[in-house]
Structures are given as structure tokens and as C-alpha cells.
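Produce the complete structure using the sequences and hints provided.
Residues per chain are reported as follows:
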Amino acid sequence: MPSPCRASLLIVALLAGGCDQMRNDPRGHPLPETPPLVSTVLSPVRADPRAADYQNNAFQVSNGQLYYHWMNCTGCHSEGGGGIGPSLMDVNWRYGSTMEDVVQSISNGRPNGMPAFGGKMTAAQIWQTAAYVRSLSQHVPQSIRSGRSEGLSVGEPSTLRDPHPYRAVTPKQDEATVK
Amino acid sequence: MTDLDPDLARDGPELTGEELHRRLTLAWRRPAGLYGWLSSTDHKEIGKRYIVTAFGFFLVAGVLALVMRTQLARPESGLITADRYNQIFTMHGTTMMFLFAVPVMEAVAIYVIPLMLGTRNMAFARLNAFSFWMYLFGGIMLWVAFALNVGPDAGWFAYTPLSGPEFSPGKRVDIWAQMITFTEVAGLAAAVVMATTILKQRAPGMTLAKMPLFAWSMLVVALMIIFALPAVALDSGMLISDRLVGTHFFNPYERGDALLWQHLFWFFGHPEVYIIFLPATGFISEMTATFSRRPVFAYPAVVLSLIATGLLAFGLWVHHMFATGLPRMGYAFYTAASMTVAIPTGIQIFCWVATIWLGRPVYRVPMLWVIGFIVTFVIGGLTGVMLASVPLDLQLHDTYFVVAHFHYVLIGGAVFPLLGATTYWFPKFTGRLMSEAWGKVAFALVFCGFHLTFFPMHITGMMGMPRRVYTYPAGMGWDTLNLISSIGAFILAAGFATFIVNALVCLRKGRVAGPDPWDAAGLEWATSSPPPVFNFPHIPAVASRTPLWDEGEGLPVMTGLRVDEREHLTTTVIEAIPSVREPSPHPTIWPLLSAIAIGVTFVASIFTPWALVVGLVPSAIALAIWFWPKNPTVPPEPTIE
Amino acid sequence: MRRLAPLVALLALGGCHGQQAVLGGGGRDDALFGGLWQIFLIVTIVFYLVVLAGLTWAVLRRREGGEAVVRTTFYIWVGVVSLTLVGLSIASWLVDRTMNRAAHTGLTVEITAHQWWWDVRYISPGHPDQTLRTSNELHLPVGVPVQVILNSADVIHSFWIPNISGKQDLIPGRNNDIVITPTRVGIYRSQCAEYCGLQHAHMAFDVTIEPLATFQQWWGDGLLPARAPATPEQKAGYAYVTTRECATCHNISGTPATGKVAPDLTHFASRATIGAGTFPMNRGHLYAWLADPQRAKPGNKMPEIGLEPDQLHAVAAYLESLK
Amino acid sequence: MARNRLAWGLLAALVIIVAVAAVIAIIGRGDRATQPLTAYTAPALAKMPAAASVPGVPGEWHIPAGDYASTRYSDLSQITTQNVGQLKPAFTFDTGFLKGHEAAPLIVGSTMYLITPYPNVVYALDLTKPGAAVKWRFDPKPDPKSQGVACCDVVSRGMSYDNGRLFMVTLDGQVIALDANSGAQVWRTPIADISKGETVTMAPLVAAGKVLVGDAGGEFGVRGSLTALDEGSGKIVWRAYSTGPDKDVLIGPNFHPYYAQDRGKDLGVTSWPGEAWKQGGGTVWGWISYDPELRTIYYGTSNPGPWNPEQRPGDNKWTAGVFARDIDTGQAKWFYQSNPHDLYDHDDINELILLDMPVDGKMRKVIVHPGRTGYMYVLDRLTGQVLSADPYSYITAYTGVDLKTGRLQHNPAKEPVSGRVVRGICPAPPGGKDWNPSAFSPRTGLVYVPHLNLCNDNALSQPNYIPGTAYLGVEAKMYAGPGGNRGVLTAWDPVRRKAAFEIKEDLPLWSGALATAGDVVFYGTLDGWFKAIDARSGKLLWKFKTESGIVGQPVTYRGPDGRQYVAIFSGVGGWVGGLVSNGFDHRDPTGGLGIFNAVQDLPKKSPRGGRLYAFALPR
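Chains as they are written, first to last, in our numbering: chain H, 63 to 241; chain R, -9 to 631; chain L, 6 to 328; chain X, 1024 to 1642.
Since the hints were derived computationally from the structure, they do not count as laboratory data.
Since the model is a prediction, treat every value here as computed from it, not as a measurement.
Wrong hints could be hidden among the right ones.
Just the calculated beta-carbon pair ranges, DEER-fashion [claimed, not checked]:
1. Asn170(H) to Pro216(L): 34 to 40 angstroms
2. Gly180(H) to Arg102(L): 57 to 63 angstroms
3. Pro1414(X) to Leu250(R): 34 to 40 angstroms
4. Tyr80(L) to Lys430(R): 45 to 51 angstroms
5. Gly111(L) to Pro1268(X): 23 to 29 angstroms
6. Glu1333(X) to Leu250(R): 22 to 28 angstroms
7. Arg1519(X) to Trp155(H): 52 to 58 angstroms
8. Asn1277(X) to Gly111(L): 35 to 41 angstroms
9. Arg300(L) to Leu250(R): 37 to 43 angstroms
10. Arg64(R) to Gly111(L): 54 to 60 angstroms
11. Asp1383(X) to Pro216(L): 57 to 63 angstroms
12. Thr598(R) to Asn170(H): 34 to 40 angstroms
13. Val149(L) to Asp1351(X): 51 to 57 angstroms
14. Thr470(R) to Gln43(L): 23 to 29 angstroms
List time: in silico BS3-like cross-link candidates among lysine-lysine, alpha-carbon distance up to 30 angstroms [stated by the list, open to error]:
15. Lys1388(X) to Lys1356(X)
16. Lys1164(X) to Lys1219(X)
17. Lys328(L) to Lys1521(X)
18. Lys1070(X) to Lys328(L)
19. Lys1562(X) to Lys240(L)
20. Lys1070(X) to Lys1521(X)
21. Lys1070(X) to Lys306(L)
22. Lys306(L) to Lys1301(X)
23. Lys1219(X) to Lys240(L)
Where is the CB? At the ideal position from N, CA and C, for every residue including glycine.
In C-alpha cells, the structure reads:
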């Protein structure tokens, strides 16, 4: 569709939640177009332009969901609830919750046991996985996330789920296992 | 309005001619200007809008088909990306099936049926207007989404789990599913209006046995819509709930089933293709009778075939699912059912050929389309019989053989009769005739282009080319055949373009047509072309199947309807004995506003399920005002002695 | 109208040669299909000619009347059409029954379809260590009925080797199966027949039908671990492939590369295509695929790794050595 | 109008009934012992084997299991059923760490030795001083990365003491020998590789001059093994793998398994597809028993990897079974696979209690072994024959054990299949009983089994093997079994092959048990209660609320002042307690490999903690 037609329909685009959210560019690193007006208003401007493109694009978040399961993240973090690793659905972030922090955690690992996936995954895969991880705690617009995954039901229908991030009870002592 | 003498307020021998025409126009006129245009409830205006919109979608979807054929003309061609091609073939299928085929048949019927039955307006006139607006908003939503790269890309029947939440990220399939909700509401509304008009508002004396065949086919189609469309509305509702809210209707892990989608969809899917085909048989019956100068041979046989087709259509949907691994004995039942549905169609073909054989055929352009229809559709019907057999279908299913089959039955079986009917009723719509010469040129181009495009597809299908591939490797033996198809597609497009240009040009420059240019027999040819806003000054009475041929000028009429108030006559279902004079609804803006409120609710519910709750309020208000009883200001009726 | 006759004849001829063609004559079911196809074709052509004849006569006839003869012809026509259809459905049912009654002789192949590639496991009951896993290729012994168990890991796909037998869908949550009996040695091509997303067009695999002995030899070779790298370039490629991104998804038996979610590469070079039918297997295409898989097959789950030129040569050299 | 009144009446009645039912249901839960309290004496008693006791002074505790036969019985009898009610805490010691404290304290002479969860600090407490002051402290400094590959909390299950030396293992798999007096390190030998997901959490067993340690990491696709190190030098004497060719598994000519299913050449390879045995699991992270007379050790191997059974067709030898090996050479004597082709992560590493027991009138050397499959196995120690296998917990996954062939019969309705959730599989992956060891009392002849009552829904998915990450392929959701109580203490009579009495507990029982000559049995609950019950009737005699959930192993000893002390660690953790020590989001029922869903109320009932409690009768 030639670009003038797209520009003329921008108003309707606001209604349809922005047209770049559905861009199905499989290349993995979409052209860093300026993110749609709507999302810049809601969230502060990012240091790395790639963050917005991965985080605001349903296709990238869906790929991130695939890699989250392929790279065995569910083994330690389950479907976001935690287990060996910490929970990714609540507001407690040990190493920061911005896209860049999550990408850092995935590619370089963390001292207390998070393995480094730097050599094992490409940059695009890491960015997509980070986008999905942040969608677990509702840091990604609702229209981007999928209703459910095709497997074991890991939660009740979204109308019963509370929409904002879950505020976990932070234990009184500090996080570190060693006093 | 001038205060009229109360006893002159009714049409009758003393109030007739010019004076009656003036008063009736005064009573049935709609307010002028845009507000009047938006609030019109006249079946002719709604019918014309429907036809023009449907043909608009037909052309746009046709352009998409050309893009697809250009991409497939050469192997491994990189003209468009895979994602774009998937969106285009989904939009082509969805637009053709949901936004063109079914609505255009209803549109022609909305215009022609009241004239055929000799009544002044359709039964639920405001519901009729509401149906058009819902259809229009559904179409606009789909195509705006396509322009914004949010077009659906899971195929026109969007099998789960590909169309499910995990494998179709984003809002693409939601838009598709919501479009289904729009078109189902529009389809059901139009069907209710159609069935009620045919059953309750026929001209006095037009018993069921004297009803024109097109009215019979539209009655069967209306009832089929009422039974079939809810299945897909439920299916798309469940898919939206799965995708947005997280229910598990189609998730095999949690007691759902991926095949549930297919069963529900095809339970609607197959009746849908007959909902498209049966009105076309109505067109063919009307045109064959007119241009063979005699009524259709064995009228009862044709009517029974229509009803049989309508009933059998609901019993054979599983032939779309022969490869999904259901029990083989069940398949044998569906093979038999799919074969049986060919019998009523075979009977109708015989009756049309017999009518031509028995009559003195006149080869005007509509008759050419009838001949083209028979030649093309029978091939489609026969390949359909082949696909009904399980062993053959297991090889041919989802290949280009099936693409050829359904284009033969849809373009051959429905678009050819539609183009013929448009040419046939064009003088009644516009008062002018389409040019015969350009009509023949258009027919030739469409006929040759069609066969050149779709016949080779039988062979590409036999050579193993699967459906819906955006490209194919070279050296498979498919290259030349695809090239031929692509060339044929452009010829076909040229044919359609010629037809459209012929229609547009003749709007003004066509030969002026009198009330009955083809010397046909139906009641629609008893009124002027284009008919006045109230259709008939006096409601005609009917004594046979071909009133104009039998009574000619001395068509008996029934008088007594009010002149200063909108009124039409309701007759009994079987014998069409006049029973009640009923007020017909006045033009009102509320169907449009209700459609806007409900439409916005549907679109917003794609983004948050709570929109359904919030949207309920404006919708309820609009509907309440629409249905609010208007106390009649006119003094009560003296009873007819 | 006369122009249709040659086209109809062409239909009968078409499709009888070619790697991926119905009536290819490579399997028992395809032969049964051929027989039934001939019956249906002849019957439908005859009926079509009758209709055309009737139409032509009706169009050219000038005289009127003759209601009675038309009425009797009508009854004959309805009778003939109904009987023919009944006959056709009985014939179809009989052929379907024989197709369905194929004996099964213990050779089982489990095929799991993924979004846009095929995972094939050869099962020999009672000997789990004989289980052979390959991807995007199918070797079968000629003349031996084999049960193919069909399952899908994501969406609905369709397993179809036109030269050998009809198709059967692979549906998640359902265990479909089909028994096919190849009857002619040769190499055929198969392609997914149910729309399954972005790269439905590039989801093909090659079918090699060979004598039983060759097949068992192939199966035995398949069980061997991958060949060790010989040349220094191959060693560099081995180092990259078994430690970096490739090992996370791909499996090469006998090496630390043990990923399970992508095609098996143990005997990659012995396959006929790259990327499930996207490219033929040769050096040029291997370079193109490794450099940018998204350009060749956009949307497929193999990301663009961005290999340096020397890494590209090393990896390509190592993969080519995996016969 | 009459119909209206009738309708309203019916509606009101219905509401009342529902309210009453709700009240009953609420009262019904909660912690109660409902079993009828009948005195129980077994006619013919099982006895402890003569040479079971560990060299050393009675009244001390040198290895976590108390003795080589793993009976956890102490013949101290100062605390009896009459006076246990007056037990008071004598002293407590805060370890300073907040993870799962699963270890058993050791008492040698007048010093108590403790090992904490990661970073596995060892404390020596001088019992002569009031409040048990710290004599010395040893910090092994294990690699912090090991915390990422410990499947079920960074725990340690204890140390072993032998002639002047303490033998411990760190989470990252380094076996360390310490001088018991000074705490100085004697030698240190690494036996596990955390980059492949291998850790060590078990308590090593020291016997016949050898330190026996196995690895852990079945959830990470590790290849299981048992290693014997020389007690003096720390050199590896022999290593027996649980999968692979016979020479790796130390299967030689004198290997005589009782059942045909376990006989064959290189079954460790032929019962696996392709090279799957290299990530085959079969780790050794549980309990080892030793029979000095036969110089034979008995231990169980864990679940095969990955959890998803469809990825590993075949019996998956030698996982989920019991090995008997010669302690000197490591050569296998016999093997019984209790769970061929495991479907539900039912390891077989539970404790193996060696007894001499009358079977069909004849005294036989047996092993009593409460399996994770929910069956109480009684095996013949010499041949590996299954003498009896009776369910001690609620089972739907299996229909029984065929004593002729020894094969476990699966219930086809409950076999996991891809593409569909299989529901109501009991017992859940932690099994009828997880690692927490039971105790045996020769005075009553009963085995006191602290176990679970959990079921689960199970869904298979596509697993991917990446070294150092979890290799599962299954998503599970666990919940309480029938009756709503999630834990049970069963007193099982191996001779009569049925339960003498049962005590239902609300939360899953994750602590070990201790039986004493005073006919008192001690165990702890997940919400912190340390309980003592009458060994014969199961009546609750005494309980004490500690600061955090108890997942440790109770021990008893005679203190320097001659009084009998009972010591227990209180610090919630382990697989089930991980949701408290790691934090967990209740909206994801598959958390913690599925177990967090069964104990969503635990964070409210048990805070984190890490403290040793020692109880004694008042002076």
C-alpha cells in the first residue's frame, strides 16, 4: 500500500492501536521507524530505539514467547511465576525492569545462577525474549499480548485476572541469600 | 399537507391517475438532502446502495486476484512478500464470499422482490436499512485494517490453531472474526426481511403456486441464512473469546478441539455456497422464461429442487474435512449426501434446457449469460461430484483442482447469472437499457478469460500444486499452466471492466426503456422504469404465473389503500388473500445510529472485552428510540365492508 | 463451446509424469485412485456432452411444442442421473474400503510437523536404540506397507505424497495415521497441503523409495554419529557450530550440539534440499541460506546470525562434510 | 400466587442447605488426627541387623541416618511417653541463612556439627558451654553460579563423621574432608560440573574407608553417577554411572539381577533412543545404606531425563531403580528397576531400611523401602527379589507391581500424552514420599513414614536440551489429594503389610522422622510445629512452634550433662518451600515445576528462617 494512503488514515490508525504493532517483518530487527504516536505518549522515550520496536510489535513478542519456551526459561521461571529463578510477573526486579536491563540479564547472565545466553542466542532473539518477559508483567500494551497459549492453561481468563502488575510482598530481610 | 376530504383519502376508481400519483408521491417521499438520504427506508434505494457497494468490493477483491495471479505467473517470483500475499489471498477470499457474493444476491432481491410481488415496500423497512449499514461498516473496518497492514492472514476459513491466539499474534484475525460478526448480523436481518415480505406481502391472488421462481429461490435462501449464519457467528464469537479473553474452546490441551472450528465453520460454509448459488438459479429461471417466450418447464419440479437443495445443503459439510482423520464409515455417508445434492441441480438444468427447447429463444445479452452459465456451471458441478468421492478428494483436496472447482461453481454458477440479471433488470433500475453490442463483447471476454484462467488449474491441481502458496519452485511442470492462468485472469478482468463501463455509460446514454422492454411476464414489468417511490399506484391482482402475458394491459388491481398515509397490503401466506392494511415505517435516522453504536462497540471490543459492557448503553438507547412506538396521528380506520 | 473438448482430453493426460503429481503411479493407493479417476472422468465427460448436446439442440431448434416427449425425457433424465450418482458413490465406497484395509507390517514412521519443517522418526518396535531421527526427508522400502503416525507440534499441516497416496492432516491433539504402500523405486517430492502460516509454500520434503536392502543400509548408516571434521576449516566450523547459536536448536549426534527444536543435521549433506525444500543442496545455496535465512524463507524460525565471512566458510565446509 | 410462594420457599430452603454445607466444609479442614487411637503391638517383630550400628559411643550421632541400616532409631530412653510433655528448648542457634535447612545435626563427643544450605558453612558448637557457643566455622566458598542449576532449592542434607574427620559436599560438587577438632581442611576433590547442570545436595556416606557421594541434576539432563573417594587421601577409587555401557556402570560377571527385565548386555545404551542416555539422568541424590556383613551398599537412582517420556522410548536403564554394589570395587551385585520408563518423575532415591524380618514364617534379610511410586517395597537384600509392594499412599497412576516379573503396571488412562492435559495423576511428581527419610522402631516393629498426599495435572511439551538449563518437556499443576490434607504420617507394619495408624497433616510433610527407645517418635511440619507422638498409638504427646517451617532431620543425643537432647533445624525451603525462600507469583500455577500450586497458603503460614533448636527435659 503506497505510503500516502497510510498517512491519510493515521487518525483511524490511532483507533486501531497503531499500524506498526502488526508489522510482520520477520527479519527480526524492524526498520527503526519512529514508534506510533500512541506508545510514545504513554511510555518515556527509550535510550535504545530497538526497545520500542520489539516491545510494541505483536509479531516480535510472539516470537519472544516461542524462544522463552525453546531456551528452557520455563525450567526455572515457569510461565512467569518463578521456581528456581525469581518470578517475572510481579514488581520485584533484582536487576532492573527496563528492556535494556532484561536484555543484559539474558545475554550476560547474572551472578546468582542466571546462565548467559549471549553466545547461544542471536541479538534479535534476545531482544524478542526480553519483550515477552516484560509482557508477563504487563509492561507491554494489552493489544500486543496474546489471550492465551496453546497448552496447559496457566491462568484464568483475562477478564478475571487483575490487569496491573502484582505487587508481591517483599520479605523484610534483603534479597541476597547470604546475610 | 392540505386538509383532504376524509372519504377521498383512499385510492379507488374515483381517485386515480395523475391526482393519485401526486398524493402518493407526497405520502411516500423521504425528506430531501443528506439527512433524508441517510434515513431512507425505501427498498429501492437500499437495494441500489447494496448493489453498488457489493460491486465495489467485487472490483477491489478482483484487483487483489490480479495481484495474486501476477505473483504466481512465474516460479519463485519476488513481486510481493509471503506476509503480503497471505493477507491478499485472505482478503480476496473473505471479501468475495462475505462482502460480495451473499450481499449482492440479497441486494438484487431487496430491489426486485417487492416489485415482483406487487407490494409497495419490504416488510421491516427500517431493519432493511440497518442491515445495509452494518454490512457497510463491516466492509469498511476490514479494508481499513488491510490498508493499515492489519489485514487477516489466516485464510478465508481461518482454521484454528493457526488463527488461535498463539500462532496469529496481534489483531489481524480479530479484525476478520469481528467482520464475520458484522456481516452475519447484516445477513440475518436481510433474511428476516426477505422471508417476511415473500410470505406476507404477495399481490392478492399470487398463491405459493403462482409465485415467480426468483421469489421461491429467495425464500429458500432466506430460510437457509437464518439456519446457517448463526453457526459461523457462534464460531467467530468463540474464536474472539479464545483470542482476547483466554477461554479454551479450540485448545486441545484443555478439553477443546481444533476440529470444532472446522465443523461449525463448514456447517455454515456449505449452505453459504448454496445461499450464493440458489438466487442465481432464480435469475436463470426468470431470464430463461422471458427469452424463451414461455414459462419455465415443470414449475413444480424446479420449486421442489430448490427446496431439496436448501435442505440437503445442511447435510454434507464434512466433505470439506475428508483429510482430517474422521471415521471412514462416516465419510461414506457424506459422499452419498454430496452426490445426492447433485440431483436437484441436475433437474433444474434439465428444466432450463427444456424451456429453451420448447420455447422460441431470443438471444439478447442476458440469454448469452444463461447459455454461458449452463456451459460453465455443469463442469463445476461435475468436478464437485468428483470431489465428493473420498479416495479422489484425498488426492485432490487443498490443491488447485479445488480452486478450479469452486471458481467454476461460484463465477460460472453465480457471477454469470448475476451479470445476466443485472443486464436484464438494468432498465428497471435506471430506466435505460445497456448496450447490446458492448454486452456481447463483455460476455465474450469474460467467458474466454474465465476458461483460460481456471481450466488449466484443474491440471495444475492434478500435478500436485497445493493451494495458497505464495510461490512455487521451477521445474515442477506448473510454470506454463500458471502463466496461462495469469494471462486468462487479465482477460477476465478486462471483461468485467467492459461490463462495468457499459453499465456506467448507459446510465445516461443508454436507450430509454419503457416499463417492459423485454416483454417479460413478471409484475415488476407492470410499473414504470424506474418505478415511482410507491411502486404501484394500485396494488395489482394476479391470476396466473405469467400475469403480463395473460392479462396484458387489463391487469386487475385492488384498491382501498390510504393515500395520505404510508400503507401496504398484507395477504395470507398460502393463498395470498388480502387480510390487513398495514402502516409502513416512515424514514428514520435511527437504524443508522443504532448501526453506528453497535459497530463502534464491536470494533472497540477487539481491543478490550469491557467495550461490550460499555458499548451496551449507547446501543440500547439507539435501539430503544428506534423501536419506540409512534402513536399514529391519523384518525382510526373505518372498516372495509 | 467446441473449444472445451481438447481441454478435457488434456485433463486425462495431465498429471501422469513429474516428481509431485497425482496419477504418478508410485503407490498402491495412487493406482486405486487412477482406476476410480478413470470411471469418474468418463461418466462426467459423457454427462457433460449430453448436456451440451441438449443445449445446442435447444438453441438451434426453431419449432415449438413437444411437451409430452420432454416430460418423458425428464423422467428418464432424473432416473439416469440418480442411478449414476448411486453407482458412483458405491464405487467410491468400495475403493475407499480397499484403500483402508492395507495390512501393516511393523514398519512405523512417526512424522511431527512443525512450522515449516518435518521431523521424522523411524521406530523399530522393541529396540528403542534403533530409533532413527532425521528431518525433511523420507526413505521407504518399496513394496512394504508402512504406517505413518501423524502429529503436529503447532498448527494443522497435511502430509501428502501425490505419487504414492492421498493426504492426511496432522492435527495437534489428535493422533492421525495413514498406511501407504510405495510400489515404484524413485525419488518423489511431497509438500504440505494445508495452509499453515507464513512459509506454507516452503514446507516440502523428498521421498526416496528404494529396495529393502538399500533402505536397511541407509537406516544403519543413519544411526552412526556424525563424521568427525577432517580439514582445519571443517574443524573451525565444528568449533563454531557445536558451541554457538547452532547448538542451541540443532542436533548433530556425536557432538555437543544437542538442540531438539530444529531439524536434525547429523547427515545434513546427504539430503536433497536445504530449508525444507527452499533451496537445492549445493554450495552456493548453502552459503545463501547461512548468510541470511530470512531472505530465502522470510518468517522462518531460523534467525539471521550475521556470520563473518571466515566463519561462514568454516560452517559451510563443516556442514558439507556431514554426509 | 400459590406457585410464587412455593417457588420462593424452595429457593430459601436451597440457600440454607448450601450455607450449612459450606460451614461443615470450613470446619472440616485444619490439622486434626482423626485416626482411632487403638493400642497396637505387632506379634512377630522385624529386628535390626546385628552389625547395623556405626562405630562410636552410643548416645552420639555420626551420620544423618543414625546407623548404616538407616533406621533413625536411638536407644536413648530418658524421654518417654510420660515425660515428653515437659520438653523445653535447651538452646537455639541462628545459622544466618534463609534457604531450606534440610541437614541433620551431627553430635560427636561434646561438639555438635551443623551444615547450612548454600554457601554450605560448617559450624562446630561446643555443647559444654551454655547456649552452645561456636568452636569454629568453615566457609567452603562454593561457586555462586551453582544456585542457578539446583532444581529444588540450594539445600544440603548433611555431613558424615568418621574417626576424627568430617566429610561434607558443597552445592557445586566439591567433597571436602575437615579435621573435626580444628575445622581445618584436609583435602578437597571436585566431582561435579555445574556448567552441565550437575550439583550435589546429598549427605555423603562414609563406610569401610570410603566416602560415597552421588551427583544431582536429573532435571538438567545430567548423566547420574555414584563416586567412591578414599577416606584418607580423597582420591577417587571408583565411579559407577547410572547410564551407558556396562563398563561405565561397573556391571561385570557377578551381576545377577533377580528379574529378566533387568538382564541384558549394555542395557544402559540399548534401552535408550540414540544418544539420549548421555543426558539420561539417573542421578544419585538420596540415601545410601550399607550392610557391613555383606560389604554391600544399597542406593537408588533418580528419574530419567527429560521428564517427557515420549522423548525417551524404552526402559531407560538403570534409572529409577535400586542398586546393590560391593563397597570395595563398586561392582554391581544386583539391580531392581522399580519404575521402568518413568512417566511422572518418580525417582527411587528414598531411604532403604535394612532389617531382618520374618517373611512367610522365615527370617530373611530384607530392605524396607517406601518408594516415590507410593508402594512400600520389601526387597530381599541378597537377591533383589520383590517380596511385597503395597500402596501406602493414594495411587491412580499405577495398578500394582507384578511380583512374578517385578514390573510396575502403569494405568493407561493416566499415561501422559502430548496434545492433551492428563488430569488426576496421584501421586504427583514428588511421589508418595519425597527424600525425607522415615524411621523404624524395633520395639514396635513399625516404620514411621512422613509422606505426601498430592495429585497433579500433567501436560507434555517439546523439551530442548541446552547444557546448564532445565531439560523437562512437562508442565504440571499439583494440588491436594483426596481428603484435602496434603501430608500424612503413616506407621506401617512391614510384617502385616498394612498401616497401623495414620495422622493426617494439612501441609505436606517434608521433614525426616526419629524413633527413640522411649517409644516416642519426633517429626516436624511445614508450618513450624515440632511434634512428638506415641510410637504405639500415634497420640500427639507434645508440640513446639519453631520460627519457620521444618524440612530438617530430627536427631537425639546424650549431652555432656547426661540429659537426652533432641535437635532439629527449622528453616523452610526445599522443593516445596522454595516459594517462600525464592518468592513466587500465585497467578502462575505451574511455578516451581508445578508444586507451588499445591502450597499457595505456605507463605502466610511459614516465614523464612534458619535456626537450630535443641530440646531437653528440665533439670
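How the hints compare with the structure:
1. Asn170(H) to Pro216(L): 34 to 40 angstroms: For asparagine 170(H) and proline 216(L) the Cβ distance comes to about 55 angstroms; the hint is violated.
2. Gly180(H) to Arg102(L): 57 to 63 angstroms: holds (59 angstroms)
3. Pro1414(X) to Leu250(R): 34 to 40 angstroms: Because 39 angstroms falls inside the window, the suggested range holds.
4. Tyr80(L) to Lys430(R): 45 to 51 angstroms: violated (37 angstroms)
5. Gly111(L) to Pro1268(X): 23 to 29 angstroms: holds (28 angstroms)
6. Glu1333(X) to Leu250(R): 22 to 28 angstroms: Since glutamate 1333(X) and leucine 250(R) have Cβ atoms about 25 angstroms apart, the given range 22 to 28 angstroms holds.
7. Arg1519(X) to Trp155(H): 52 to 58 angstroms: holds (57 angstroms)
8. Asn1277(X) to Gly111(L): 35 to 41 angstroms: holds (38 angstroms)
9. Arg300(L) to Leu250(R): 37 to 43 angstroms: At 38 angstroms between Cβs, range holds.
10. Arg64(R) to Gly111(L): 54 to 60 angstroms: For arginine 64(R) and glycine 111(L) the Cβ distance comes to about 46 angstroms; the hint is violated.
11. Asp1383(X) to Pro216(L): 57 to 63 angstroms: Once the Cβ atoms are compared, 60 angstroms apart, the range 57 to 63 angstroms for proline 216(L) and aspartate 1383(X) holds.
12. Thr598(R) to Asn170(H): 34 to 40 angstroms: Check passed, 38 angstroms falls within 34 to 40 angstroms.
13. Val149(L) to Asp1351(X): 51 to 57 angstroms: Holds: the Cβ-Cβ distance is about 53 angstroms, inside 51 to 57 angstroms.
14. Thr470(R) to Gln43(L): 23 to 29 angstroms: At 25 angstroms between Cβs, range holds.
15. Lys1388(X) to Lys1356(X): Judged against 30 angstroms, a Cα distance of about 15 angstroms means the pair holds.
16. Lys1164(X) to Lys1219(X): Judged against 30 angstroms, a Cα distance of about 20 angstroms means the pair holds.
17. Lys328(L) to Lys1521(X): The given pair, whose Cα atoms are some 61 angstroms apart, is violated under the 30 angstroms limit.
18. Lys1070(X) to Lys328(L): Given pair lysine 1070(X), lysine 328(L) is violated - Cα atoms ~64 angstroms apart, limit 30 angstroms.
19. Lys1562(X) to Lys240(L): violated (70 angstroms)
20. Lys1070(X) to Lys1521(X): holds (18 angstroms)
21. Lys1070(X) to Lys306(L): violated (63 angstroms)
22. Lys306(L) to Lys1301(X): Cα-Cα ~27 angstroms, so holds.
23. Lys1219(X) to Lys240(L): Within the cut-off at roughly 23 angstroms; holds.
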